[in-house]
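Engineer: Using the sequences plus the hints, can you model the full thing?
Sequences listed follow chains A and B, in order.
If you count the first sequence from 1, you need to add 1014 to reach the working numbering.
Read in the working numbering, the second sequence has 269 at position 274, and its numbers run on one by one without any break.
Rather than coming from a laboratory, the hints here were simulated on the basis of the structure.
All values derive from a computational prediction rather than experimental measurement.
Even glycine gets a Cβ: it sits at the ideal position worked out from N, Cα and C.
Among the clues, some could well be false.
Simulated restraints on C-beta separations [said to hold, decoys possible]:
1. B:244 - A:1076: 45 to 51 Å
2. B:276 - A:1083: 30 to 36 Å
3. A:1037 - B:137: 31 to 37 Å
4. A:1284 - B:232: 37 to 43 Å
5. A:1422 - B:69: 33 to 39 Å
6. A:1034 - B:265: 40 to 46 Å
7. A:1422 - B:266: 52 to 58 Å
8. A:1531 - B:255: 57 to 63 Å
9. B:9 - A:1056: 53 to 59 Å
10. A:1037 - B:277: 42 to 48 Å
11. A:1341 - B:255: 30 to 36 Å
12. A:1283 - B:56: 40 to 46 Å
13. A:1343 - B:9: 50 to 56 Å
14. B:255 - A:1078: 32 to 38 Å
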Amino acid sequence: MKGVGVTDIAKKAGKLIELKVEELMKLPEPYEKISEEFRFMESEDYVSDLDGFVAIDIEWKPKSKEEENLLVSKFMTALKKLLDKEANWTFLYPLLLSLDYCTRCKSCSSACHVYLGSGRKEIYRPTYRAEVLRRVLNSQRGKFRAKIWGSIEPNSKLVLRLAELAYRCNLCRRCVQFCPLGIDNGLIAREIRKLFSQELGIAPKALHSQGSIKHLKSGSSTGLTPEGFKDIVRFLEEETFEKTGRKIKIPVDEKGSEILLVHNAGDFLTRPENVIAFAILFEEAGLDWTLTSEAVGYDAVNYGVWYDDIQLARIALRHIEIAKKLEVEKIVVGECGHAHKAFLVLADRVIPDGDMVPRESCIPILWDLVRNKLNLDPTKNDFPVTLHDPCNIVRLSGIVEPQRKILRKVCPQFREMEPNGVYNYCCGGGGGLAIINSLNFPEFRNRISSRVKFSQILNAFKNSLGPEKRNFVCAPCSNCRSTLRDLFESYKAREKCGIQHCGLAELIANALVDTKSSFLNQS
Amino acid sequence: MLQLLVYSVLFIFLTGVALKIIRLSNRIHLRCDLYPIPHVPKAHGGGYYEEVEWWKRERKRSIYGVIKAILAILVINRRKMSLQPRHWLATFLFHLGIFLHVLWILLLILVIITFSTLSEGLAPIFSVLGFTGLLLMFVFALYLLIRKLTRPIRYYVPLEDYIILLFVLAISCSGILALLEVDAHHSIEVLRSLIAFSEPSNLGFFETIHIATFSILIGILPFTRITHYIAVFFTHLALWDDRIRSEFDSRLEEIITSYRVKWGAGHLNPDLTWEENTRHLRF
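Structural biologist: Here's what the structure looks like:
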């Protein structure tokens, strides 16, 4: 079969590729012969002609030649700004290095879980979208350069498909690790998302209008208001007492506390056991900590990380300002991967005031508690446990060992999945894909981008799979857990194989000597 | 003529490389850490965020780790080896060929500038070194050309790559044929003439082609992607740049407070600075 060329993105009618279930990467037993199917979209309004899936759930397809021309013209304006040293001081330098020096050796492809999971479909190569961007830019650099370096004249088909294609990458940047030249194709994918957001206002609703905008406007991307947040905290205190017999007071807005703990607000609503576990552990260890009920502050997420530098800076600034107002000594980021990257890595150079409140991950603190302060009985966790390494925490923030030390200490049957640590595979929900749940996009995630991870998990538990078993994937990241939850549901992994997901704090809380009932059973 | 060409391209090459290094140096951007970061002396690729209250601790830096990582990138290229072992071997041998050829030229220059003569015992060794380098270049340039023409990679390969590979084939092929006719003593004499800015005598056809094509390639190198041998350091510097805010001078503050955002989406104000856009929300 003829492959899909780079220039086909601007030419080919219909879908750019035809995905077939039988061509996807094979899953291990017991899913070797499972029958799967795709539910592709065909739409006049949404961009479904990339691969039949739609991430950008906005009706933005031009309806006339004039609208097409306007779209292309706006795109070209955005490209100019992408290369402008003021408009894109944030990432211009690494972007240019990545655009100008790729030798097309394709080492990155073999490192990419989306490409592998899809059965090696050309358009999912990390270099495909990068090459499209490169050639569009070359088309503006004069005839000679366009000829020598290769070019594509942009049209509306290319613009629409390129925007969708930017959301077929998890931004996990594993490809960069395997590039002999350090070319950052993950960054290129994000830069493409960025130009669409920052110039055309185009991004999946879950990230923008229902994400960062809602976060800044109403306090949280979940819609949780300050009053609602306080109600939930009181409810969690009651819940903790009811289920564990522990009477705890969860501190909120305690000025002058040592620690401001920030959770992904989704955890308060869908994974309260994680928030409760932190409260139990911090109280047990006698830490001086607080949550905040201030809008924006009680939600640690920062979706700008995935698509928009200014939204990133705005949310990061609010977080730091709230911590300053509370006069805390430091911010501790709960089990949320991209919040780690936002707080620890990115916020550092993007917010206006250089007077930063120190920020740190919850994971080294949890290890400190496990090692020095908590009375634990690991036999309470005597079931198979493996660790999923969230890319944002491990590969992109360099926190690798403390979580392993914890699991070795509290889980007698802990086993690694392969590969692991900084060379892990993404869960398939990274880069915001975990929260894009409209139209048919979850199918792309469950069938393709999470495929390699599912295979890794099945292999990690291969001797203990079965409906009667309890196998736990510890994923210390809220979005990874949402991805795993949907993935396991779609493959009925709990019913068939006994596979569940949990957080790190829950496993520690479950091992506490004086926890009467099993903490994990409560969840 | 040939000596003029050699001196001209050397000037263009050195100027081009110097300008490229200046252009790539000392840029401020947001962090794009990618672990393992080799100057952090931690096992398993971790960084300083693994420590409780990391900002209160001394941040140790390992020069040994950086040297090891650079050697791994330049020489062994372990990561590529693990995913594409055959391609790794081919490109390794290709680059080894280039390295040996350059080494051969540098050794000949060393003999000339130290006013020593090449002993009879050393001459064949020099010839073998030169020949091996050129042979590796030729064989593996041919491999790369065939790969780029026949594999799906062909969709991505620009004309520039083919031109450069054809140059390499011309250089290596003419060099091999020239070395079959002359020995190292002759090569030294030719090089001596070029350095002294005089027309080399007894120059064979293949020698002329070799020197001319090699010179032209050197001259155009700074303007091609082949300068990846320079860029590779800068890409990794960006990935390993884990400096925190307090380690920056006032330039970063100036950028945030004076650069205009320029982007035109509805939630932004293009005429305001980064700081103003961060502080003043638009929905």
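Engineer: Now, for every hint given, state plainly whether the structure supports it.
Structural biologist: Do the hints match the structure? See the list:
1. Evaluation of the 45 to 51 Å hint for residue 244 of chain B and residue 1076 of chain A yields a pass: the beta carbon distance comes to about 47 Å.
2. At about 32 Å, the CB distance of residue 276 of chain B to residue 1083 of chain A agrees with the hint of 30 to 36 Å.
3. Residue 1037 of chain A and residue 137 of chain B have their C-beta atoms about 33 Å apart, which keeps the hinted 31 to 37 Å range intact.
4. A C-beta distance of roughly 41 Å is found between residue 1284 of chain A and residue 232 of chain B, which places it inside the suggested range of 37 to 43 Å.
5. Checked against the hint of 33 to 39 Å, the pair residue 1422 of chain A and residue 69 of chain B passes, with Cβ atoms roughly 36 Å apart.
6. Between residue 1034 of chain A and residue 265 of chain B the CB atoms are about 45 Å apart, so this pair conforms to the stated range of 40 to 46 Å.
7. For residue 1422 of chain A paired with residue 266 of chain B, a C-beta distance near 55 Å keeps the hint of 52 to 58 Å intact.
8. The hint said 57 to 63 Å for the Cβ distance between residue 1531 of chain A and residue 255 of chain B, and at roughly 59 Å that hint holds.
9. The beta-carbon spacing between residue 9 of chain B and residue 1056 of chain A, approximately 58 Å, falls within the hinted interval of 53 to 59 Å.
10. In this structure the hint that residue 1037 of chain A and residue 277 of chain B lie 42 to 48 Å apart at CB holds, the actual value being about 45 Å.
11. Our hint of 30 to 36 Å for residue 1341 of chain A and residue 255 of chain B holds, since their Cβ atoms are close to 34 Å apart.
12. Between residue 1283 of chain A and residue 56 of chain B the beta carbons are some 43 Å apart, a value that agrees with the proposed interval 40 to 46 Å.
13. Evaluation of the 50 to 56 Å hint for residue 1343 of chain A and residue 9 of chain B yields a pass: the beta carbon distance comes to about 53 Å.
14. Range check, residue 255 of chain B to residue 1078 of chain A: Cβ separation about 33 Å, and the 32 to 38 Å hint holds.
Going through the hint list in order, the structure satisfies each hint without exception.
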